[in-house]
Amino acid sequence: MTLIAPDSATAWDLSAIRADFPILSRTVRNDRPLVYLDNAATSQKPTMVLDAERRYYETSNAAVHRGAHQLAEEATEQYEQARARIASFVGGAPDELVFTRNATEALNLLSYAFLNATVKKAAGAELPAGADRFVLAAGDEIVVTEMEHHANLVPWQELCDKTGAVLRWIGITDDGRLDLASMAEVITDRTRVVSFTHQSNLLGTINPVAEVVAAARRVGAVVILDACQSVPHMPVDVLALDIDALTWSGHKMLGPTGIGCLWAKRELLDAMPPFITGGSMIEQVTMERSTFAPPPQRFEAGVPMVAQAVGLAAACEYLDALGMSAVAAHEHDLTSYLLAGLEQIEGVTIIGPTNNIDRGSAVSFVVDGVHPHDVGQFLDDRGIAARVGHHCAWPTCRRLGVPATTRLSPYLYNGRHDLDEALDAVRGVRPYFGAA
Amino acid sequence: MDLNSLYQQIILDHYKNPVGKGLREPFDVSVHHVNPTCGDELDVRVHLVENDGVTTVDDISYDGQGCSISQASASVMYELLQGQELTEALAIEGAFHEMISSRGTIEPDEEVLGDAVAFAGVSKYPARVKCALLAWMAFKDAVVQTQSASSLFSSHDAPNGEEATT
Numbered sequence: 230m231t232l233i234a235p236d237s238a239t240a241w242d243l244s245a246i247r248a249d250f251p252i253l254s255r256t257v258r259n260d261r262p263l264v265y266l267d268n269a270a271t272s273q274k275p276t277m278v279l280d281a282e283r284r285y286y287e288t289s290n291a292a293v294h295r296g297a298h299q300l301a302e303e304a305t306e307q308y309e310q311a312r313a314r315i316a317s318f319v320g321g322a323p324d325e326l327v328f329t330r331n332a333t334e335a336l337n338l339l340s341y342a343f344l345n346a347t348v349k350k351a352a353g354a355e356l357p358a359g360a361d362r363f364v365l366a367a368g369d370e371i372v373v374t375e376m377e378h379h380a381n382l383v384p385w386q387e388l389c390d391k392t393g394a395v396l397r398w399i400g401i402t403d404d405g406r407l408d409l410a411s412m413a414e415v416i417t418d419r420t421r422v423v424s425f426t427h428q429s430n431l432l433g434t435i436n437p438v439a440e441v442v443a444a445a446r447r448v449g450a451v452v453i454l455d456a457c458q459s460v461p462h463m464p465v466d467v468l469a470l471d472i473d474a475l476t477w478s479g480h481k482m483l484g485p486t487g488i489g490c491l492w493a494k495r496e497l498l499d500a501m502p503p504f505i506t507g508g509s510m511i512e513q514v515t516m517e518r519s520t521f522a523p524p525p526q527r528f529e530a531g532v533p534m535v536a537q538a539v540g541l542a543a544a545c546e547y548l549d550a551l552g553m554s555a556v557a558a559h560e561h562d563l564t565s566y567l568l569a570g571l572e573q574i575e576g577v578t579i580i581g582p583t584n585n586i587d588r589g590s591a592v593s594f595v596v597d598g599v600h601p602h603d604v605g606q607f608l609d610d611r612g613i614a615a616r617v618g619h620h621c622a623w624p625t626c627r628r629l630g631v632p633a634t635t636r637l638s639p640y641l642y643n644g645r646h647d648l649d650e651a652l653d654a655v656r657g658v659r660p661y662f663g664a665a
Numbered sequence: 119m120d121l122n123s124l125y126q127q128i129i130l131d132h133y134k135n136p137v138g139k140g141l142r143e144p145f146d147v148s149v150h151h152v153n154p155t156c157g158d159e160l161d162v163r164v165h166l167v168e169n170d171g172v173t174t175v176d177d178i179s180y181d182g183q184g185c186s187i188s189q190a191s192a193s194v195m196y197e198l199l200q201g202q203e204l205t206e207a208l209a210i211e212g213a214f215h216e217m218i219s220s221r222g223t224i225e226p227d228e229e230v231l232g233d234a235v236a237f238a239g240v241s242k243y244p245a246r247v248k249c250a251l252l253a254w255m256a257f258k259d260a261v262v263q264t265q266s267a268s269s270l271f272s273s274h275d276a277p278n279g280e281e282a283t284t
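Read top to bottom, the protein sequences are chains A and B.
In this text, residue positions in the first sequence follow our numbering: the first is 230, and each later residue adds one.
In this text, residue positions in the second sequence follow our numbering: the first is 119, and each later residue adds one.
In isolation and in its complexed conformation, chain A is listed as follows (with noise of 0.2 Å):
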């Protein structure tokens, strides 16, 4: 691969990167070649990564924190490396990273943490010290907003009607920026968690963390934030963010499939009773009871997934070598000519922030008289990844008046040429299915 020193983002050799990423000279429908705009889905896999694991594999794979043998041993130091360069990425420590099957997952772990809790205390039993932070009452709130992705909303509604806490979110405006001036009426003293999205898989909005962090801050809620869609494309540090807890998942930011990240601080983990149990996971164990880990450990329960771990370290140094700021700056490039393509399409309207201000590269948009799963099809046909639907925020789109949309994200290995060919495509739809 060809790594690009991180001070020189002027020069971004988009056909070196391009080069790493073995999918992308693969054709789809028709012999076209594949333009991939739906990275806010997934990204695709750089070879270093994919030989990261292969390697894994092929020298080292044995289970992990168990076995008395080198390959034991091996694959123990892997995984725990894996750990510690995953955890700088965001400026976190090793021992505050917890691996999960996904964010999802990760967002689960900490919405189950307040159910157990509260379960646990009603019932007399042993807590871990500090646990009283996630034990709910009836009239306890949990503060969302109304752009969240169904994985950091779901389990919330979920924990509400398990434990009598009251649901909350902060609303969003028209443009699908967050309505702070509701936030006030929202964050309360009765508020023991804000949990929320750094950007908007659907709209592309960037969140003003510091205000709702503030906010949460003044009345002492957990702040957690869902980062999927932030940490594989800006710079993010949990200190400066000055976060509680964050949570992404690896096949978004060049990593494999299986593995999810929660990082929290660590007076908060070690606070948390356990999500899943089992081996792993254990200090002591009777007939009668057992006592547990400490975090991470205490959170991964069974055999771990070690090679994923393994490729996704190896997805931060490709990051870290390009520089996220230079991934940033790209991306914000490729953002202000996709929309500003967009608007210049007759029937097409952005639903989400329409000026590249606080934005990233997720972009959403609605076609006059023809439905998005139509707008998609068409698009697939010219050989372009787009995707279509309620993107797993359905009362977002209900918020703003359309069933579903059709989201082009670009990412560090597009460029302008394929936008080209996604406005090319998009101005082709209304002629074709006979709306213009």
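Some hints here could point you the wrong way.
As the list claims (entries may be wrong) - Taking beta-carbon pairs under 10 Å as the criterion, some of the chain A residues facing chain B (in silico): (1) G393; (2) G487; (3) D597; (4) H600; (5) F607.
Said to hold, decoys possible - A few chain B residues that don't get close to chain A, going by computed Cβ distances all over 12 Å: (6) L121; (7) D161; (8) V167; (9) I187.
These are computed hints drawn from the structure, not numbers from a lab.
As the structure is a prediction and not an experimental result, all values here were calculated from the model.
Glycine included, each C-beta is placed from N, C-alpha and C at the ideal position.
Place chain B on chain A using the hints.
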């Protein structure tokens, strides 16, 4: 594959000018079906009438929103099944389901399926199969619910207008 094999003119025509759209009375059962992957929603009402032991589909009414495939499919279904004997309507439904699920391996029988043969191209696009089936699955569900409800009553006091949601 060619996009025109998916979007045949007859499908686009039904999409733009759907036949029999709009919810009507009387009906036996009303069902609400959604395609959770794309957000398409469809209400389907069925009214069955029994005469001399023969059950006929007296009316299928529908309303909803979705892509051209799901909406045109509902319209074609109305044209094909409205007024049919129930056994014949279910046979057509079966033939349609078989064609759509065939990945392009079944040559559809135009005698049975009429305009619905235009959907044969959909079977080559696995992601669109659910779109084409949405209305038909709702119809089948409504018939099953109507029959299980009417088996609890005599045919004369079947619970007209009862709402059922799935």
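Against the structure, the hints:
no., hint, verdict
1, G393, "27 Å, violated"
2, G487, "21 Å, violated"
3, D597, "14 Å, violated"
4, H600, "4 Å, holds"
5, F607, "7 Å, holds"
6, L121, "4 Å, violated"
7, D161, "14 Å, holds"
8, V167, "34 Å, holds"
9, I187, "7 Å, violated"
Hint check: violations occur at hints 1, 2, 3, 6, 9; the rest are consistent with the structure.
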